[in-house]
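Now for the letters of each chain:
Number of protein chains: 4
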Amino acid sequence: MKKFQILVIGNNDNGCTPELEKLAYETGAEVAKSNSILITGGLGGVMKAASRGAKENNGLTVGIIPQNDMSEANEFCDVVIPSGIGLMRDFLNALSADGVIAIGGGSGTLSEICASYMYSKPIVVLKNSGGTSTKFADQYLDHRKNVKIGADTPKHAMEILLEQIKH
Amino acid sequence: MKKFQILVIGNNDNGCTPELEKLAYETGAEVAKSNSILITGGLGGVMKAASRGAKENNGLTVGIIPQNDMSEANEFCDVVIPSGIGLMRDFLNALSADGVIAIGGGSGTLSEICASYMYSKPIVVLKNSGGTSTKFADQYLDHRKNVKIGADTPKHAMEILLEQIKH
Amino acid sequence: MKKFQILVIGNNDNGCTPELEKLAYETGAEVAKSNSILITGGLGGVMKAASRGAKENNGLTVGIIPQNDMSEANEFCDVVIPSGIGLMRDFLNALSADGVIAIGGGSGTLSEICASYMYSKPIVVLKNSGGTSTKFADQYLDHRKNVKIGADTPKHAMEILLEQIKH
Amino acid sequence: MKKFQILVIGNNDNGCTPELEKLAYETGAEVAKSNSILITGGLGGVMKAASRGAKENNGLTVGIIPQNDMSEANEFCDVVIPSGIGLMRDFLNALSADGVIAIGGGSGTLSEICASYMYSKPIVVLKNSGGTSTKFADQYLDHRKNVKIGADTPKHAMEILLEQIKH
Chain A
1 MKKFQILVIG NNDNGCTPEL EKLAYETGAE VAKSNSILIT GGLGGVMKAA
51 SRGAKENNGL TVGIIPQNDM SEANEFCDVV IPSGIGLMRD FLNALSADGV
101 IAIGGGSGTL SEICASYMYS KPIVVLKNSG GTSTKFADQY LDHRKNVKIG
151 ADTPKHAMEI LLEQIKH
Chain B
1 MKKFQILVIG NNDNGCTPEL EKLAYETGAE VAKSNSILIT GGLGGVMKAA
51 SRGAKENNGL TVGIIPQNDM SEANEFCDVV IPSGIGLMRD FLNALSADGV
101 IAIGGGSGTL SEICASYMYS KPIVVLKNSG GTSTKFADQY LDHRKNVKIG
151 ADTPKHAMEI LLEQIKH
Chain C
1 MKKFQILVIG NNDNGCTPEL EKLAYETGAE VAKSNSILIT GGLGGVMKAA
51 SRGAKENNGL TVGIIPQNDM SEANEFCDVV IPSGIGLMRD FLNALSADGV
101 IAIGGGSGTL SEICASYMYS KPIVVLKNSG GTSTKFADQY LDHRKNVKIG
151 ADTPKHAMEI LLEQIKH
Chain D
1 MKKFQILVIG NNDNGCTPEL EKLAYETGAE VAKSNSILIT GGLGGVMKAA
51 SRGAKENNGL TVGIIPQNDM SEANEFCDVV IPSGIGLMRD FLNALSADGV
101 IAIGGGSGTL SEICASYMYS KPIVVLKNSG GTSTKFADQY LDHRKNVKIG
151 ADTPKHAMEI LLEQIKH
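Protein chains in written order, with the working numbering: chain A, 1 to 167; chain B, 1 to 167; chain C, 1 to 167; chain D, 1 to 167.
If you're looking for bench data, these hints aren't it; they were derived computationally from the structure.
There's no promise every hint is true.
As the list claims (entries may be wrong) - With a straight-line Cα cutoff of 35 Å, these simulated DSBU-like cross-link-like pairs (lysine-lysine) come out:
id: 1; chain 1: D; residue 1: K2; chain 2: A; residue 2: K33
id: 2; chain 1: C; residue 1: K33; chain 2: B; residue 2: K55
id: 3; chain 1: D; residue 1: K3; chain 2: A; residue 2: K3
id: 4; chain 1: A; residue 1: K166; chain 2: D; residue 2: K2
id: 5; chain 1: D; residue 1: K155; chain 2: A; residue 2: K55
id: 6; chain 1: A; residue 1: K55; chain 2: D; residue 2: K3
All chains should be modelled from the sequences, with the hints used to inform the complete structure.
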């Protein structure tokens, strides 16, 4: 049976703290442990930490990057999709997801949440990860639809998300 | 000299009130009066009302739609770009703008604001137009960068925007 | 009534001869005289000459360019769509066309012909313009479908194309 | 070290003969045996047969499809990228390739060859597979650049391609 594809989104290098990296690493690890495929934007910060977490737990990782050139992806991506469409690749990421976990993030993460929301993908936001994701998702998206706030830990986020996806 | 291209964004048919339509119509009219080209997403609600406002004031209107088929655009678009890329066309709209005016709107409008923000386009949000635009832009984007809140009227919005663009 | 949008494709600066430029200029002029809107890829060579031909005959011109930045378009484009999707914009061009005229060209032009063919757009190839267009279209696309070979002049090409579009 | 990503292109269901399917299956198998990742357009015909060939030889398969919905991909894709950009996904495929093998094909395959050519990806065309690929590539692309004609077998194609990629 086809494995689930879980998108993890959040800060790129700028704005990514050691705390967010730790959360991202653990989230990537949980994705791998659940036998799912990790999808990220393939660059730095949360994307890189999550990919490392998945790889170090025998997971499969896919990086969908804005550039034309595969070599721009971080070294923890097994498969690289160099989209060549710049920031629009946020929407490709969302389309490629069975479910989404958001960790912190700024305007890019927010546009990915919007895309995921419009494509009706289940979304879980890591409580306490701050950034735009939490604030925005908490206030402006309709939780009755497909956004779930309040996972305390990456493990919890993955549990909530899988339940939503299988539903 | 090349005319400015002004993107007007906001609610599609669902969620578009007569008040928003009136604001959109007046905004389209102001875009035309300033001798600028109106860019919209080419569909209903705010997009259609703004296009009508521009057309009835001798403006030139461009609709960039998600679909493959030109006939999906509203009848007030002189030029139709049927992008065939679905919701990603929000980013095409943002790239095609010298400046952006937001009127109300939901998750789609929000993703266009994010895109415009990331591409460093001047953005003006119509005060009192409600919706995601006002709330979001007010709280989460950096006003020192390229977002201006607080235009009271379409005329005022256009004035602020042109000043930003020429700057 | 909505004006027709006619896409003119062919060589960029490299490979564009004075003969091709002359053909392109005349083709742009014919598009304008037919009261249609000219769509091009917005860059040099055939695209620029066609746009100039349309502008000098009071036509409206749209340039859909690969880059993010409007200023990369040639100065004869009234409307610029900076697609930010690189070479994929060949497909945007094809989608934006009611009909297509091909003048010479290489691999880029060929991909635009393929796209136009797949989207079932009427295509006319200028006989004697050489390049990939003529050779390819002559041999590999199904003329019974939507490709017409054999316009001797830009005026003739426009006549054939309009007949196809209205059909 | 990052595995190579090999794109296999050719006919969709319509126009795909048992002979082409056999060639595609063997090509997918060779991609897997070389420890490379198979990229395809994720639909039927050559794409499906190649994916099955790779899966039955323990390979990893990626399908990049035109649609928004993952379930449109064939069942032999481990990873599915539902691009939502329609036929433009041919360019995504080309960008995602370290090298390309073409088997038969029509106008879609031809646009992928054009894209691969413009992105300077090494391309090998299977001799005797017929279709547009052979005819076109033989006559119109510059063999000194990145197109190699004349692989007699899938095994041979993979050898030529790997040599080109490593070069």
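Hints, one by one, checked against the model:
1. D:K2 x A:K33: holds, 22 Å
2. C:K33 x B:K55: holds, 22 Å
3. D:K3 x A:K3: Status holds; Cα separation ~21 Å.
4. A:K166 x D:K2: Answer holds: K166 of chain A to K2 of chain D is near 32 Å, not above 35 Å.
5. D:K155 x A:K55: holds, 31 Å
6. A:K55 x D:K3: holds, 14 Å
In summary, this structure violates none of the numbered hints.
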